[in-house]
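Visitor: Note that the protein sequences, when read in sequence, are chains A and B.
In this text, residue positions in the first sequence follow my numbering: the first is 166, and each later residue adds one.
In this text, residue positions in the second sequence follow my numbering: the first is 18, and each later residue adds one.
Some hints here could point you the wrong way.
Said to hold, decoys possible - Derived lysine-lysine pairs resembling DSBU-like cross-links, with alpha carbons at most 30 Å apart:
hint : chain 1 : residue 1 : chain 2 : residue 2
1    : A       : Lys328    : B       : Lys153
2    : B       : Lys183    : A       : Lys442
3    : B       : Lys421    : B       : Lys334
4    : B       : Lys173    : A       : Lys329
5    : A       : Lys539    : B       : Lys421
6    : B       : Lys179    : A       : Lys328
7    : B       : Lys183    : A       : Lys329
Unchecked claim - To spell it out: a stretch of chain B is covered by chain A in this simulated footprint if at least three of its residues, at any positions, have a beta carbon under 8 Å from a beta carbon of chain A; those stretches are:
hint : segment
8    : 182-191
9    : 228-238
10   : 376-383
Keep in mind that the hints were calculated from the coordinates and are not lab data.
Where a beta carbon is used, it is the ideal one built from N, C-alpha and C, also for glycine.
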Amino acid sequence: MATTSYDAIIVGAGHNGLTTGCYLARAGLRTLIVEKNDWIGGAAVSRSLQDGWTYSNCSYVCSLLRREIVRDLELPRFGLQVIPYEGGATFTKDGDYFAYLSDHNALRREIARHSPRDVDAYDRFAQTVMRQCRFIRPFLLRNAPDPTSLHPRDLGELAFLVKKAHGLGAKELGETIRFWTMSIGDFLDEHFESDLIKAHLAGSGIIGTGLGVYSPGTAYVLLHHYMGDVDGTIGAWGFARGGMGAISNALGMSFEEAGGEIRKGAGIERFKVTAGKVTGVALENGDEFDAPIVASNMDIKRTFLHHVDRAEVPDDFHRAVERFKIRGSSAKINIALDAMPDIPAAPADASFLRGDMHCSTSLAELERGYDDWKAGRWSAEPYFDLLIPSQIDPTMAPPGKHMMTVFVQYAPYDLEVDGVRSGENWTDTHREALAHCVYDKMEQMMPDIRQRIVHAEVRTPLDIEREVGLTEGNIFQGELTFDQLLFNRPVPGYSDYTTPVSGLFMVGSSSHPGGGVMAAPGANAAREILRRNGKSKAMQGYAA
Amino acid sequence: MSTDFDAIVIGAGHNGLVAAGELARAGKRVCVVERADVPGGMARNVTSGDGVTAPQIAHLLYNLAPDISRTLGVETRSLPTIGLSPDGRHVLLQAGDLRFADGEAHPEAAVFAVLHDRLTRFAALLGQLSDAPPPKLMEGLAGALSGLRDIGGLAKLGLNLKRMGKAEMREFLRILLSNSYDVLLDELNDGPVAGVLAADAVRGAWSGPRSPGSVFSLIYRLGQGGDVRLPMGGMGAVMAALEKSAVDSGAALRYGSGVASVDIEGDRVTGVTLEDGSKVRGRAVLSSLGAAQTMLLAGPSHYDIETVRRLRNVRSKGTVGKLNLVLKAVPDIPGLTDAQRGARLVVAPSASYVEAAFNPVKYGELSAEPVLEVIIPTLTDPSLCDDGRHVMSVNCQFLPHVPKDGWTEAARGTAQNRIMATLGHYMPGLADHVLQAELLTPADIETLTGAPGGHWHHAELSIDQLLTVRPVNGLSRYAFGVQGYYLCGASAHPGGDVTGQPGRNAARQLLRDGVLS
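Could you build all of it, start to finish, from the sequences and the hints given here?
Guide: Rendered as structure tokens:
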């Protein structure tokens, strides 16, 4: 009979749960991770659904993963290799494209081809975004300050924020406030004149969110996608060799090497709570495990609305969890291709074909896509972020064949059918129709795409919710809006990874600093857990 | 002709007149120059040849600063708000009280009272910031760093926030930057109550209730408690009183010629040149025009390129049209008593309706079903017309500033038809009562008043254009780049609506800055 008592139990083997697990195990805690699926990784997985091909089924590119954590947990030693890709492009209906090239001078020439005026505008844009990235990065591996608290630790975090903000100077501080509160559409409109360039840059402002390009706050979402790095190149993105599962697998191995134990196929029934204090977990299969520390990698809605007894938390907390916004807005299509699709507009072997490709050519088109979503429909002209990683990473597809990942924005969770909006409305017919809508749009750049498809996995927000467990399939475990960031994330008063249940911690992306394969919530939560259990010194490494 | 003044105020809108009165009362020699022949800007009355007086554009006071209001001697009446419902079960809102228009208790009354109370308290808190120039963030931060107590407005706000208690403070910090759709629907059903509040949150704005920041604009509307007041004699009476107040204190008026340029010697204003070629000399110039126009009158060469770019990019796309109707009689409104027709009537049956009405304007199109705010002022104020005819004044959202193909006759016709059709749902037979109809598009409003984009607030009241960054970063404290040049219009802090606050704050700042001493 296996041991049923641990120092700490983590529910969910997503990248954040695994990260928390690694730090706790390294600090000497006997740690168990329970995972409902038969594989680990949550939304950072590589799975083979067609012989010979590997899909990054959910998340598909890597940049945000904090390098401090990569080093602390020695992920390269466990096989993690991130290969940067260069550039990207947006293709127009009339056979042209805008290539976002990584070489600065080449990019200036490409911009000039569309708008000479936008060449300098781009430099201004890039400088502003980079300044904001530099401002925000130091906050990612810290707790968010709670301005309502007089606790010395919160005051300390607040002082750190104030000091950083003060260091900006009056003008830059004004710019920062403005940038954080404006829409990506307005921000781009005031820089650029080319619709195509604006549309290309705007994508990062809406990916994963229930907001449109003209919704205030989307400039921040863009920042959220730019603040990462690959090997120190801020804003760069890369492929994890072997797919995003490589990250989870490396974390898993690091965890197990540190003495941690993972149980797969072990979904939670409920968190066991006695007298306001967590005592362990009860699993769906009837197993029970005890620990004084339990961490949930699930989002806050799933944790408290499904797995914690309603009576164990105060009403206002429960209410706050209910109103926390986790909206499904994205779909994913993973495609096995029998050959590289023909892209007539692009020069053969152009570097940008190895990057992110799109077909949305104006901000108005993107905004209309959002209007469709608000009404419970997928976008008639969807935005997509399309990559073919097998060009760089041969492990993803058989020789000569390719794997394509297509992230689709917007697709509603609660699809409207006959006036009723519900996630239950999704049927195979809708799934198929959504895929064809995306293929129609893809034909703008790849006329033969339909002939190339060997197999396609179409994942609606409902599918993502069912498999991964993310509420509504929201990739960030909660909208990245002002009212749900920093000290408001996930619930005001609980931004420090704690919950009203003593000993129960939130380590997923519902917590500060939010979603993306960043692992910062997991590391921050580990630091908090150790500190609260008198083991601050046990947190070792750059993320300490 | 050359005249010497201490200060010249450009534009006899309410902010210009308030600024002039403030300076005149401080003993300064002030001249107000105005392009039109009458004062009032957006708050003018129009009187037709056959004796009907009506508010031309603005028709209600949402937010006039109480101390300004008190000194004017204009009688105002508080109007209740009625949210019209397609099923005839209209809702009556008055301060925190909610019931059905037929008097029956409303199931959401208790929830509404709590929500209203909370928003009003938050509004009062933020209202503290509107009586003074926006807080200096750097001083605030420096103060926080050095542990100083005296750090001005921000500290006071922080202190008052703390006084609300931790739970309320948290709620304030959570919803302040949130969107009104979520905040309302977290508490209310998506019916006419939420609809009225959502409509108020985006009134005058290029934004829908789902746009983050729309809670702030809702709170802004509640700055003086949320009371909606109808001035007796129309908005023109308020303007006449403001004008009289300024003149009685010694201000001179020069109407009928706009300003061609602001004259500058060295880095100091010396006066203005009017469109008729004459010059008026003054040591200070306050402009109540839009921020970009204000910059252009001085000339872009006086501003650095970044500032010029910012000013040109101030967002001010007007979205409100105005339909002024003269009626031979007031139509029946099924579900309302005759007296209730005198309320502020809002057509916004749900928050989703308001959002759907906003969608098309993003693409230069008209709302299929517009959000309407309707008053029939003649029911409350017979002085506007006493021969049995009535005035119906309708704010219509959302109309694009300029539609894709321009404001053609066809486009105007479509807009008017849609508004009339929407009104017709609630007021059957309305069309048969109409004697005259005049539609003012945002473009018309721009032409009539000079307000940039025909926008109510001169500059969108979005978070990125508020407080320290209103109208643009670096020019938020009324002084406008050139020594002696000030911005005193709605694009300055705290913003639009007929509040008088930007005008008063700018005048006070000018006096404090010592330019005239």
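Visitor: Hint by hint, note whether the structure agrees.
Guide: Against the structure, the hints:
1. Between lysine 328 of chain A and lysine 153 of chain B the alpha-carbon distance is near 16 Å, which keeps this suggested pair within the 30 Å criterion.
2. At roughly 24 Å between alpha-carbon atoms, lysine 183 of chain B and lysine 442 of chain A fall within 30 Å of each other, so this suggested pair holds.
3. About 14 Å separates the Cα atoms of lysine 421 of chain B and lysine 334 of chain B, which keeps this hinted pair within 30 Å; it holds.
4. With a C-alpha separation of about 23 Å, the suggested pairing of lysine 173 of chain B with lysine 329 of chain A holds against the 30 Å cut-off.
5. Distance hint between lysine 539 of chain A and lysine 421 of chain B is fulfilled; the C-alpha atoms sit about 24 Å from each other, no more than 30 Å.
6. Restraint check: the Cα-Cα separation between lysine 179 of chain B and lysine 328 of chain A comes to about 22 Å, which is no more than 30 Å; the hinted pair holds.
7. A hinted pair counts as satisfied when its Cα atoms are at most 30 Å apart, and lysine 183 of chain B with lysine 329 of chain A qualifies at roughly 25 Å.
8. For the segment 182-191 of chain B, the stated coverage by chain A is satisfied: 7 residues place a CB nearer than 8 Å to a CB of that chain, which reaches the threshold of 3.
9. Against chain A, the segment 228-238 of chain B contributes 3 residues with a C-beta closer than 8 Å to a partner C-beta. That satisfies the three-residue criterion, and the hint holds.
10. With a cut-off of 8 Å between beta carbons, the segment 376-383 of chain B has 3 residues touching chain A; three or more are needed, and the interface restraint holds.
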